[in-house]
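There are 2 protein chains.
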Amino acid sequence: MTRRTSKPLRIGKVTVGGDAPIVVQSMTKTDTRDIPATVNQIKELEICGCEIVRVAVPDRQAAESLVTIRQNVSLPIIADIHFDYHLALAALKAGVDGLRLNPGNMGDREQIARVIAAAKERDVPIRIGVNAGSLPASFQPKAPLAERMANMALEQIRLMEDLGFHLIKVSLKAFDVPTTIQAYQMIADKIPYALHLGVTEAGLPRTGAIRSAIGIGILLYQGIGDTIRVSLSAHPCEEVFVAYEILKSLGLRQRGPTLVSCPSCGRAEVDIITLAEAVSKRLKKISKPIKVAVMGCVVNGPGEAEDADVGIACGKGKGAIFRKGKVVGTVSEDKLLEALMAEVNSLDKR
Amino acid sequence: MTRRTSKPLRIGKVTVGGDAPIVVQSMTKTDTRDIPATVNQIKELEICGCEIVRVAVPDRQAAESLVTIRQNVSLPIIADIHFDYHLALAALKAGVDGLRLNPGNMGDREQIARVIAAAKERDVPIRIGVNAGSLPASFQPKAPLAERMANMALEQIRLMEDLGFHLIKVSLKAFDVPTTIQAYQMIADKIPYALHLGVTEAGLPRTGAIRSAIGIGILLYQGIGDTIRVSLSAHPCEEVFVAYEILKSLGLRQRGPTLVSCPSCGRAEVDIITLAEAVSKRLKKISKPIKVAVMGCVVNGPGEAEDADVGIACGKGKGAIFRKGKVVGTVSEDKLLEALMAEVNSLDKR
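In order, the protein sequences belong to chains C and V.
For the first sequence, the numbering used here begins at 1 and goes up steadily by one.
For the second sequence, the numbering used here begins at 1001 and goes up steadily by one.
Chain C on its own, in the form it takes in the complex (with noise of 0.2 Å):
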């Protein structure tokens, strides 16, 4: 996983691209006009772990409501754009920290071009959102759809860039998990910009996280990718739960716990599953990084105890408790989740 070198931006107090960790991003579903949910949802999100927001501007009062909502939280904001590039003018003069535009919808040149002035002038980056779903059909119509993905994109910053605006980041996102990658891969070693990587409409979260996790997952890998946006129809914490999982899995970034657990088999004998669901409950209050396994049989459990910060290898109707490697003693099953979350505490409150 050698990472593709992109030009550092900052969104507000956050840097993307460059040697930054992978942002986080998501998206607020409050009605933006709605000001006391929209800060509430704001704040909900950054303590989930969130880094950048987006709201979404589609009228004149969303954008006005932007002033007052980014008095009241400090995550930095991106507007969310379509349409009417007067929104994205009056998002710049509300303050926001960054723009998403959309090249399928924006208007021509020379608002556009209005727009990137006023950019400009307050140092604001823009992204390039292209959406498979809002690609206009008239655009390249002959070519494969990751090809007209890409050349959207690049017709787009070349106009920018012929403006001498360089505060860029792109996206190609398509609900097909190979066209986004192909998309990427395209545009990767054709610019220098920082790339802002999600899978459009994944669905609900128990599909949705795993086309998100295959096409974000296998760009990553690739190196390419510097900040991530899950799109879930679910709550947007639920988002930001499955790009930390993404990220954590690749070893990325750290948050929170992580639960090792066996799927169980005819050879258990102690009942795992219920037993995981339990101490995975109990570790919703554990911020700290710490591994911890749930193992049912003596012919992975013991590896995989021993590997872990904590961990269970259960036998016959009993379990043995490790702590760093070590067996730390050895308890009957009804009293294996209060002793295995004993050992958690202790390692969090260090």
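Keep in mind that the hints were calculated from the coordinates and are not lab data.
Simulated crosslink set (BS3-like; lysine-lysine; CA at most 30 Å straight-line):
| # | chain 1 | residue 1 | chain 2 | residue 2 |
| --- | --- | --- | --- | --- |
| 1 | C | K281 | V | K1281 |
| 2 | V | K1324 | V | K1248 |
| 3 | C | K284 | V | K1281 |
| 4 | C | K43 | V | K1316 |
| 5 | C | K248 | V | K1142 |
Go by the hints and put chain V onto chain C.
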């Protein structure tokens, strides 16, 4: 995605490797000695799309149960054997379609030779299932884990080849995703055999599905892998569901409907998350691979709804219904679910 060339094998009626579709496996979690419970779970697994089922054989009675279990199910059965080569011999005698042996704990060369002779006689393939958690600490202690796993498998492969046995499948599972990927990459070009992919002890579904999707997804995208097993601390049908979602996301298999749904944002004027959840619930009854889109607004809505077999693109309190790319009606928010499902059901019945 050019697929690695592998020697196809037959596990009962199912071909693994070569040009065969990527095969979905799971494992029973019942006590193998409880024959009715195990038969029942294998039947559930068959209904949910599992193609090969593995069964743990911890003792003699479990091995003997395989005779009756096998007579009562139609899925091919692989016996999972650790520690005791007698159990492998007993499982072969019971008529299993495949064996999984763990070279980390399988006894001496002579014992393994006896198992191999018995498998050869019956034309039963053997998976060499290396697992990070059960790799002997004394095996190449200074080498990196991925290399140790690959070398352990290579050693076992050579032993089998020396004995004239070539019905081999290999797996190299770790909890750590980059380690798992490296291990498979190391062995992929060195052997001609089919590869069974998995990320071991991946945990509960919410996190384990993500971890599995990244590990298995990256390898499949590199063309590596002939059969997959998702290991989750959950009912085995959830493992099968996740396996198919991984394969569907990469366009490698089709199974059941696919729901494209937008994450919702401050632009949505319909409760998209609730609608998507309701549609998803109704889609459980649909077996055909129908693509359904539930989209919140005019930005990407029409594009995605047009691209799906059936879709909704919502506006202010209402939505346009799309069938195969054409708008077939516009209905108010309270009628969206029924109107969409009427189109889905009519496609499903065709």
